[in-house]
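Undergrad: Residue strings, one per chain:
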Amino acid sequence: MAKLLLVEDDMALRDIYSTRFLAEGYEVVTASDGEQALTVAVKEKPDLILLDIMMPKISGFDVLDILRTTPETKNCKVVIMTALSQPADIDKGKMLGADEYLVKSQVTLTDVVNKVKEVLSK
Amino acid sequence: MILYLTFGFIVLAFLILLIISLFLFFKYKKNNQEIVSLRNLKDSLTANESKENTLLLSIADGVYMVDMERNLTIFNPTAEVMTGWGRKEAVGLKCWTVMNLKDEQDNSVCQKDCPALKAWRSSKNVIRDDTCFIRHRGSKSIQISSSYAPIRDSSGNYRGAICVFRDITQKKEIERSKIEFVSTASHELRTPVTALEGYISLAKNEKICQIDTKAKEYLEKAHQVALGMSDLIKNLLTITKMEEAEIPLNITNFSIHELAGEAVEALQQSAQDKGVYLKLNEVQSQEVRGETTIGRSLNVTADKEKVREVLYNLIENGLKFTQEGGVSISITYDKDFATVCVADTGIGISADGQQHIFEKFYRVDNTATRETRGTGLGLFITRSLIEVSGGQIWLESQGGKGTKFYFTLPRSID
Chain A
718 MAKLLLVEDD MALRDIYSTR FLAEGYEVVT ASDGEQALTV AVKEKPDLIL
768 LDIMMPKISG FDVLDILRTT PETKNCKVVI MTALSQPADI DKGKMLGADE
818 YLVKSQVTLT DVVNKVKEVL SK
Chain B
557 MILYLTFGFI VLAFLILLII SLFLFFKYKK NNQEIVSLRN LKDSLTANES
607 KENTLLLSIA DGVYMVDMER NLTIFNPTAE VMTGWGRKEA VGLKCWTVMN
657 LKDEQDNSVC QKDCPALKAW RSSKNVIRDD TCFIRHRGSK SIQISSSYAP
707 IRDSSGNYRG AICVFRDITQ KKEIERSKIE FVSTASHELR TPVTALEGYI
757 SLAKNEKICQ IDTKAKEYLE KAHQVALGMS DLIKNLLTIT KMEEAEIPLN
807 ITNFSIHELA GEAVEALQQS AQDKGVYLKL NEVQSQEVRG ETTIGRSLNV
857 TADKEKVREV LYNLIENGLK FTQEGGVSIS ITYDKDFATV CVADTGIGIS
907 ADGQQHIFEK FYRVDNTATR ETRGTGLGLF ITRSLIEVSG GQIWLESQGG
957 KGTKFYFTLP RSID
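Protein chains in written order, with this note's numbering: chain A, 718 to 839; chain B, 557 to 970.
Note that these hints are calculated values from the structure, not bench results.
Model, not experiment: these values are computed from the prediction.
Even for Gly, the Cβ is constructed at its ideal location relative to N, Cα and C.
It is possible that some hints are incorrect.
Keeping only pairs whose Cα atoms sit at most 30 Å apart, straight-line, the calculated DSSO-like set for lysine-lysine is [what the hints assert, rightly or not]:
1. A:Lys-821 / B:Lys-860
2. B:Lys-835 / B:Lys-891
3. B:Lys-668 / B:Lys-727
4. B:Lys-790 / A:Lys-834
5. B:Lys-777 / A:Lys-821
6. A:Lys-832 / B:Lys-790
7. B:Lys-862 / B:Lys-835
8. B:Lys-797 / A:Lys-809
9. A:Lys-762 / B:Lys-763
10. B:Lys-960 / B:Lys-891
11. B:Lys-876 / A:Lys-821
12. B:Lys-830 / B:Lys-772
13. B:Lys-790 / A:Lys-821
Not the full set, but computed from the structure, chain B residues with beta-carbon under 10 Å of chain A [as the list claims (entries may be wrong)]:
14. Arg-746
15. Thr-750
16. Tyr-755
17. Leu-758
18. Ile-764
19. Lys-790
20. Asn-806
Here are some, though not all, of the chain B residues that point toward chain A, as calculated from beta-carbon distances under 7 Å [stated by the list, open to error]:
21. Thr-747
22. Ala-751
23. Gly-754
24. Ser-757
25. Lys-763
Just need the whole structure built from these sequences, with the hints factored in.
TA: See the structure below:
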């Protein structure tokens, strides 16, 4: 089964998403800030990264930028999941190479699971 | 004989003298009366003038008057204190030199939207709460609430305009910190509510938990409440953004008919689940009030996503309060505007309810609606979104006979 890296600084949300994805049969690794996300991404080589934007240390946008220019991770699928909903943020995410951009207040847990399945099957 | 003649002359002369003196006496009396009345008039005029001066001197609001060339003619002491300009230096100058008004987006009001000109053109008072000016020889910005009225002479011709203004800088600051508080509180609430909703959804998930039917039923209810809270927070954030004028508008030309079609398609399932219809009527006529519009496109100019939100909100409301029949949308066009009507066959809104329906946190208070979920913010947001798009919104309804919501959007010039 596919391996997911879940990057989220809120502990409760990390817990909820990983529990749900484990139940769906995915292998899940987690990171709680941008720096950790980059370390884990290189080490674990996940199939897909679920990436928050507003996080301590390195923002999600910068993480994405580094992922796309690092040989080990440049082809890894990335789904951004953030509270930022302005068109300018969405454009920035897409421009930096995100496969999907989800706004937290607009999606349910099931929506996220479906979106991840969809992106992985592409 | 001579004696008689002499006596006669004397009598005649006396009579003539009497007539002359009587004449002079009456004339003097009349003059005197006129003088007195003139003096009275002068006194009363002076009294009026000093009454006006006293009024202007003692009034706690800033007052200034301009003539038809918009030169300042009167500038009261409060205006002096508030603006930093002395009366003597200000009077005679153009009003925009002294009161260079800017709106909340820092656009010059005097250049594009002069309230005095507007008052003359509309012959109505103009009231504004959204302007500020910079104090003379300083950098402090003063926010004011002001009213402008045309001045007419006795034959009804315009002679100038009068402006009364009040410093509301502090009031606006308090308002801003209130909005900021609500915004921060909502942001802070969002994460725990999302977590709450997430955990409940995990508990309900059969792949993760095995729970008994009763527990599942309660969790289902708790989940609905959590979703309601999450809606409320989303709406609060939208409102605070609107009040901080932080909502960026992405104005384009688009077909409102197509957009309404998309909304109907997207919400068709919820209508079917409820067993009511949801349809979009075809455009019947492009000819309204004799003004033919054939040859022009039927596009409107607005923020498409905001209008989509408005359509969703009105349709969802219609469906929510309709048990039999359904919701239909029709669009008509006149020279300048497209008017969208969202009509339902639901429970309707009482006359009292109609008065308050667009207010913040207003919810129609009757037993039929207490069971329905809602934050009481949807229509407030809807109205604000339509108004920032340059349109208007209103409704027609009778209790028990359905409701028709109408909103207008400016047509594009293509």
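Undergrad: Okay, which hints does this one fail, numbers in order?
TA: Checked against the structure, no hint fails, so every one of them is satisfied.
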